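At position 10 of the sequence shown the residue is numbered 10 (the UniProt record's numbering), and the sequence of numbers has no breaks.
Hint data in this document are derived by calculation from the structure and do not stem from the laboratory. Check each hint, because a few of them may be wrong.
The following label-pair restraints were derived from C-beta to C-beta distances [what the hints assert, rightly or not]:
id, residue 1, residue 2, range
1, ALA106, GLY47, 16 to 26 Å
2, ALA133, GLY60, 17 to 27 Å
3, ALA58, ALA132, 30 to 40 Å
4, GLU125, GLY40, 21 to 31 Å
5, ALA89, GLY60, 14 to 24 Å
6, GLY57, ALA132, 28 to 38 Å
7, LEU110, ARG62, 18 to 28 Å
Small disclaimer: the values here were computed from a predicted structure and weren't measured. Where is the CB? At the ideal position from N, CA and C, for every residue including glycine.
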Amino acid sequence: MEVEEAAYRTVWSEPPKRPAGRTKFRETRHPVYRGVRRRGGRPGAAGRWVCEVRVPGARGSRLWLGTFATAEAAARAHDAAALALRGRAACLNFADSAWRMPPVPASAALAGARGVRDAVAVAVEAFQRQSAAPSSPAETFANDGDEEEDNKDVLPVAAAEVFDAGAFELDDGFRFGGMDAGSYYASLAQGLLVEPPAAGAWWEDGELAGSDMPLWSY
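Could you put together the complete structure from these sequences and hints?
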């Protein structure tokens with residue numbers, strides 16, 4: 001699609017529009033979109049947009065395409081007509097119009113201005129319906145799969161509540177290899193040639209009750 005889009009010129013690659021020569025009247029052309037101008041309404045207020053496109057080979061001749069609710073819809077209508085009339089030489093308002101806009105049948109171009117105008121109106125309406133359509137079921141299933149992948153390592157709240165703090169409390173027999181705390185420290189003192197701590201200085205309620213305990217004694 002990028003190669004196909006690159007084959008067309010767009011308003012973004014062309015020089016900016018020059019100001020209109022009519023300084024006495026208010027400018028109604030869209031500042032960016034080609035072939036689009038405002039009809040009615042004050043500047044900045046809600047209004048409608050009209051679209052017309054130059055007819056190649058007929059100097060000064062323009063094809064009226066109709067009135068649209070938004071500038072974007074009018075710009076899409078211009079692109080559909082330009083593609084039908086100019087082909088690869090068309091300058092588009094949107095690069096993706098080359099592949100997103102339904103093509104105008106060749107028979108419509110041969111039918112004259114009215115045939116092109118009617119075909120462009122059908123193409124713009126079809127494009128708007130396509131743009132407003134919801135996502136396909138395949139995209140919905142893909143999004144659901146992504147959510148499952150993101151949440152597979154999350155522990156449910158109900159399961160997390162099972163592992164309360166009391167489930168991992170250890171008694172003195174497990175801490176000191178099956179011995180009570182007094183026997184454990186006495187054995188440790190014999191091996192290290194240190195004095196055992198005073199009675200009651202070992203674990204009480206999970207913390208050492210004694211504040212000062214000599215580690216080495218020579």
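Here's how the hints hold up against the structure:
1. ALA106 / GLY47: 16 to 26 Å: At roughly 34 Å between Cβ atoms, GLY47 and ALA106 fall outside 16 to 26 Å, so the hint is violated.
2. ALA133 / GLY60: 17 to 27 Å: 40 Å, violated
3. ALA58 / ALA132: 30 to 40 Å: Once the Cβ atoms are compared, 36 Å apart, the range 30 to 40 Å for ALA132 and ALA58 holds.
4. GLU125 / GLY40: 21 to 31 Å: The hinted range 21 to 31 Å holds for GLU125 and GLY40, with Cβ atoms some 22 Å apart.
5. ALA89 / GLY60: 14 to 24 Å: Holds - the Cβ-Cβ distance for ALA89 and GLY60, about 19 Å, lies within 14 to 24 Å.
6. GLY57 / ALA132: 28 to 38 Å: 37 Å, holds
7. LEU110 / ARG62: 18 to 28 Å: 19 Å, holds
The structure shown violates the earlier hints numbered 1 and 2.
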